[in-house]
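Top line first, the protein sequences correspond to chains A and B.
The first sequence maps to residues 0 to 391 in numbering that gives the first Met the number 0.
The second sequence maps to residues 0 to 391 in numbering that gives the first Met the number 0.
Worth double-checking, as some hints may not be accurate.
[Said to hold, decoys possible] No more than 27 Å apart at the CA atoms, straight line, and that leaves these computed lysine-lysine pairs for DSSO-like:
#1 K136(B) <-> K181(B)
#2 K223(A) <-> K99(B)
#3 K99(A) <-> K181(A)
#4 K223(B) <-> K221(A)
[To be verified] Heads up, incomplete: computed chain B residues facing chain A, CB under 7 Å, no partners named:
#5 P30
#6 I32
#7 A66
#8 P202
#9 E331
No lab work stands behind these hints: they were computed from the structure.
Backbone N, C-alpha and C fix where the C-beta goes; we use that ideal spot for every residue, glycine too.
One-letter residues, chain by chain:
Protein chains: 2
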Amino acid sequence: MTNSFHPPVRTLMGPGPSDVNPRILEALSRPTIGHLDPAFIEMMDETKALLQFAFQTSNALTLPVSAPGSAGMETVFTNLLERGDKVIICQNGVFGARMKENVERCGAEAIMVEDQWGCTIDVDKAERALRDNPDAKALAFVHAETSTGARSDAEVLCGLAAKYDCLSIVDAVTSLGGIELKVDDWGVDAIYSGTQKCLSCVPGLSPVSFSDRAAEVIRNRKTKVQSWFLDLNLVMGYWGSETKRSYHHTAPVNSLYALHESLVILEEEGLENAWRRHALNYQAFAAGIEALGLSFVVDEEFRLPQLNAVSFPASVDDARVRSALLNDYNLEIGAGLGALAGSVWRIGLMGFASNKKNVLFCLSALSNVLSDCGMETDSAKAIAAAQSIYCN
Amino acid sequence: MTNSFHPPVRTLMGPGPSDVNPRILEALSRPTIGHLDPAFIEMMDETKALLQFAFQTSNALTLPVSAPGSAGMETVFTNLLERGDKVIICQNGVFGARMKENVERCGAEAIMVEDQWGCTIDVDKAERALRDNPDAKALAFVHAETSTGARSDAEVLCGLAAKYDCLSIVDAVTSLGGIELKVDDWGVDAIYSGTQKCLSCVPGLSPVSFSDRAAEVIRNRKTKVQSWFLDLNLVMGYWGSETKRSYHHTAPVNSLYALHESLVILEEEGLENAWRRHALNYQAFAAGIEALGLSFVVDEEFRLPQLNAVSFPASVDDARVRSALLNDYNLEIGAGLGALAGSVWRIGLMGFASNKKNVLFCLSALSNVLSDCGMETDSAKAIAAAQSIYCN
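This is chain A alone, in the form it adopts within the complex (with noise of 0.2 Å):
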């Protein structure tokens, strides 16, 4: 007989799942509903509203995808690419390759641009792109690389999208909620998220939007979608503004309860206020970090605070390092991805995660154990410079 499982209970500081709120969890054993209940409907039009705010925008076609992030980027583009299509894609980390995979499957053509590892997007490179493509339906690209830690300039690649007639493509999975992003302002075409990042949620949702452009696209399709699941014409009839929803798919009722509440928590604190937050705990985190004589992948310019790729000498042992912050300190810390693996970790402060315990406690197990493997750190100074930080 098999025995109910009972997690350990960690601290999340990967690249995500981040910590979620308990508030979050609570909601998440709420007694399940029907997912055409009156009720229901109501929580799923504020959890639309509620979406627009974290976006910023008043884009109609706002939903949460019934799957995770992975599922929200194939949303975007087998909605919006038909055969033949022609994509541009910058690639500064492994997502803008899954964009790639994405691309090809729908029987599009991904035309890469691609920028180092660790580095912001190169917007010169990306405008050559798009003057040499003419017949690029969209530019897309990642946001907040959850690979490198590195953050691009959405604005100004959203505007070099419009300006050469091209949708934009922005894959949010990492930013939203915890740096700026303006979807309106911006001139964003279509976006996708995911829960378990800077909104604390629990894995498994996808938060997208698509402007009215975008919306048309999808609607004047020649072609079907090829995934019926994700083919927004037909979540449309769930998810849409009509009094009377049409069966669809079974939502996953309680995810739903979970990013609802989470977007509550969102809207109490205020959207600049979490970004502000986010900023703070990474410069304390910053700061200890160096003091530990560890290093950034990414310039200071162009770092994510809820996402930090930290350099570590050869000498040490990566593999170790994490196993004891997990085995010794429940510390989850995340091993590189991609060309950067075995040489970087990926410290996570998103959410509910990130605070002030998780900076002070992180930089003490951390200090402790490479001290463990032979590397020489003084946590009393790591501390100490995280400290006056939050004293400034």
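Since the structure of chain A is already known, use the hints to place chain B on it.
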């Protein structure tokens, strides 16, 4: 400012979601851990083993897709089919039509074999189609049609598919955990289900299983699966048997806690006991329904104990009855779907909701509401009829 959402406490006797066992809601709210945490990976392995038990299979390729049942359906078709393939679909309700949509969106051809709604699938017609289409790759059908409450003979249909060298594809969304289902004994090649029906778990995941033969077809595809998110060749890097799991997408961690708990509960009860419980509660319910003067859509032999399509007289106001049940009794029953809309209710007795309390409560409430709506009913007689089944 938006308030937290506190759902009403309903009794869920529609076509799903069904009442969720409180143990499962509690499991759902346990602390989130990382999707690559060793403790989580151990739980994933247990979940796979429990799913193998529930499906009665030793298939290595058995896992829960990170999205609702419709995505499980799409996983099966997109992974098994390539452009130009031909699939025979036996349709006797809504979900056969959804299969057709899926097949066509894969660029494959659907040969439809239509049966009347509410009837079991005619195996002779299925065999004729197999004989007439020797180039068909698969035979697909719904084991338990949620839109009509009809059961089809999955064992015989899978045997026919094998005889004509076709893969068998079975929709078991509503059957898993509620009626006899034996994947290995019956020679099922590909099967998908949902969590929110007879497993009484929250909606949002779709257990799937593939025979070695079907897994081989997926491994030897000439073209990539059109969905990146659902591509099992990639998903298996995360769910496979290797000790080292590689990141594909972020698993819906807490929903998987819930699925694990629901399967632990099923294992504790025993599969045969769960089937017997569903059968007994159906018998009591049916006795009561007939005593109320209502009738069933499906012939007794082919009725699903977990989903009862009940016809009502044309004089009865469908919407009024369902609203009264919802508002005055917090009781959800389902409306008719597709061809049966407006003339039947779908009353579920699924999983945790298949119990004596729900049977008696539903009969009493329905009787009261029908009588308020001007139909002559005898609630005492209905209750007595149901009770007599339990007392036998």
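Results for each hint:
The straight-line distance between the Cα atoms of K136(B) and K181(B) is roughly 22 Å, inside the 27 Å bound, and the hint therefore holds. Taken as a hint, the K223(A) and K99(B) pair is honoured in the structure, with Cα atoms around 13 Å apart against an allowance of 27 Å. With a C-alpha separation of about 25 Å, the suggested pairing of K99(A) with K181(A) holds against the 27 Å cut-off. The straight-line distance between the Cα atoms of K223(B) and K221(A) is roughly 23 Å, inside the 27 Å bound, and the hint therefore holds.
The closest approach between the C-beta of P30(B) and any C-beta of chain A is roughly 5 Å, which is under the 7 Å cut-off, so the hint is satisfied. A distance limit of 7 Å between C-beta atoms decides the matter here; for I32(B) the minimum to chain A is near 5 Å, and the interface restraint holds. Look at A66(B): its Cβ gets to within about 4 Å of chain A, closer than 7 Å, so that hint holds up. Taken as an interface hint, P202(B) checks out: its beta carbon lies about 5 Å from the nearest beta carbon of chain A, inside 7 Å.
Of the supplied interface hints, the one on E331(B) holds, with its beta-carbon coming within about 5 Å of a beta-carbon of chain A, less than 7 Å.
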